[in-house]
Structure formats: structure tokens, C-alpha cells
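Use the sequences and the hints to build the structure in full.
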Amino acid sequence: MLDALRAALAAHGLRVRAPSSWSGFQIVAPSGRFENAGNLDEAWAAAEKLAGRAVDPLSPLVIA
Amino acid sequence: MLSSPRRFRLTVLSGFLGAGKTTWLRRHLRSGVFRDAILIVNEAANAAVDRLLLGSADRVHILTGGCACCDGLPKLLRLLRDLLVSSPAAESSAVQRIVLETSGLSDPHVIREAIESDPDLSTCVEVSEIIVIIDAVNGRDLLRSEPMVGRQVTSADCIIVSKTDAAARSDVAQLLVALRRLNPDAVRFGAVRGVEAPLPDPEISDSTGSNETWPDRGAGALLASEIRLGDTTWPVFAVWLSALLHALGTDLLRVKGVVRTPMGRLLIQAVRGCVQPPERLPGAVDDGDGVLVVFSRNHSAESLQRSLDTFAQAARERSG
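Protein chains in written order, with the numbering used here: chain A, -12 to 51; chain U, 111 to 430.
Since the hints were made in silico from the structure, they are not lab data. One thing to keep in mind: the hints can contain errors.
According to the in silico footprint, chain A covers these stretches of chain U (three or more CB under 8 Å from chain A) [unchecked claim]:
| id | region |
| --- | --- |
| 1 | 279 to 287 |
| 2 | 345 to 353 |
| 3 | 407 to 415 |
Glycine included, every Cβ here is placed at the ideal spot set by N, Cα and C.
Right, dumping it as C-alpha cells:
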């Protein structure tokens, strides 16, 4: 699951950390800013906040 | 003119995408209500996901690739004619029951009219009942946004309000007001997972009445897509579906398919952006597994498939 999420968010220039101390994710922007997410749905919202745009799996950025 | 001693009583089971038609039907098949019935299942898409769920029922006929009220209507009429002469008890004069589960996009009134105006079928097939299922959670929104839902409701002899346990009592009451306004003559029941459940008192419903209107308009092209999972792994599929649900929200009207996972075969369903708890299905792997039927607004099958394939490719590159 983590690898798949990392691959998906790499297209948006974002990295994913998975701290061993909890079950959620940390979404990290190139600037080092990060957002915590407790589950996948929160991960997309966090990614959108950091990327400043919609993280849309159907966007040309992803499927071009 | 077709000559057959056979007589059919046809129950049409209708309702919009994700309303709970198959859940209701599975429940009633298990309880034996439709024990001797011939079952016809219509799916707008080419993939017959419901065949995987109803396959254990006797005498199931699947009509795929078009709604039974339009593209699939000739196939339905042909099937009914075939059944009149070839059903197991075709020589008998006893009345045989047929249950037709329509696709979520079908207009049951058109089906009734087509049968009643067909010279062969009108004398042998009685459309005895149109049952329409409407989802208590999404029903009011759908009445506003989907003209077909209003047409289904106005055609109904019986309206079943499903998922009443998941909606606020006041929302169910307001939905009942709307249903009564659209079709005052229909009998109304509640249902939770296919089992009859109480509805709010009609007097309470009336007291919460509103002046809502139900415009006959759509909100963009509603497209049916079949997405093939191929060798996509379960984690990649789960991440992709999660991203899709987040991005499209209520524009993702329906997702349904059987997916092979390390936990076994899972029935995956979502309605208007909300995922239902996956259901583990018994039985061996089926050819229909791994095909996801998606109804969405303005997103083609090609873009959805390419999106999933891109996710899968990116994950492979990352792990490889």
C-alpha cells in the first residue's frame, strides 16, 4: 500500500514517510513542509494542500 | 402471432445505480420468495457483475450491454418470447413468475409499455408489479440531479426506501414527502440490507414537508465504463480507487466489481463517492472477476483505464 501511495504521489513531486510509531502517513513537499494523514483519504487531502492543486488521478499530469 | 399456453407474471425491479436492487433481490431469493421465479438481470455495461452475486439462483438470464428500456429492449423482448416457448414448463398452463432486475439507468415505464404493446407478449405476459428501490441517503439529491430517478419513482407500484438505517430520520421523512408528491398511489416500505424496516409515520412526514421541486435535468454526461484490473495488485488498486473517490466525489456515481485479493474474492461497491464495506464472496475464481464497472460523469473508460494502468506501472517501476 505504501509503495503504491509513494508511486502515486511522486507524480506530484511529493514524498511519503511512514513513521513506525503510528499507522498513518506523513506527506512531504520538496520544501520539507509536511502534513500528517491518518488514512488514505486524508493523504489525498494533505497532498492537495501541499501541492496547492487537486491531486487528480485522471489529470493529464498523471495519465499523459 | 406467437401461440403459447404459457403465462408469465412479470415483476420489474428498478431503481437507480447503487440503490440496493441486488441486495434486496439476493435477500428475497435466499428467503424463498422468488423460489420458482425465472430471473432476468439487466446490466447497462457489458460486464455482468450481478451474475457473480445471483449466480446461485436457478434460471438466471443475463442481459448485458444496454438498458432494458432502450438499447437492450429488443434483447429483452426476444428473451421473453423465447421463454414463452422454451422455459422448462412451457407446455404447462400454470402462470410462471419472472423477476426482471433492470439496470440502474432503465425507465421501467418504457419496459411496461413495450411489453403491453407487443402483439406476442401482451397476451401472455402481465407486468404485475413495478418495484422501485430508492436510497434513503442519496434519494433526495438524486431526485434533484437525475431525471431518471423521478421517472422510476412515478412508474412504481411499490417504492422501497433502502438504507434507512444510514439516514437521519428527518431526511427519510422528507424523502417520503417527495415520493408521495411524485407518486401518491404507490405502496411504500423501508428496507435495511434487503429486510423490511419501518418508515417514519406519514403524518410526521407531512409535517416536515417542503416546497422542493424536482427539475427534469441532468448534470453532465453519465458514462458507463468497464475497467480491467489485469495484473494490478490489490494495494495499487486500493490506492487508485481511493484517489478516484477523493477526486471525483459524487461524480463517481457507482463502482461495482469483484476483485481477487489476498483475502479472497471481494465484492467492491461504492455509491456517490462512499465505499461500502467489502463483502467476501464464496466460490472459485470466476471469469467475471477483475472487471470493475464504473458510472461517472464526463470521464471516459479510456481515461479511467489509463489512470489505473499508470498507477500500476508507476508502482512496478518503484518496486522494481
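Status of the hints after comparison with the structure:
no.: 1; hint: 279 to 287; verdict: violated (count 0)
no.: 2; hint: 345 to 353; verdict: holds (count 7)
no.: 3; hint: 407 to 415; verdict: holds (count 3)
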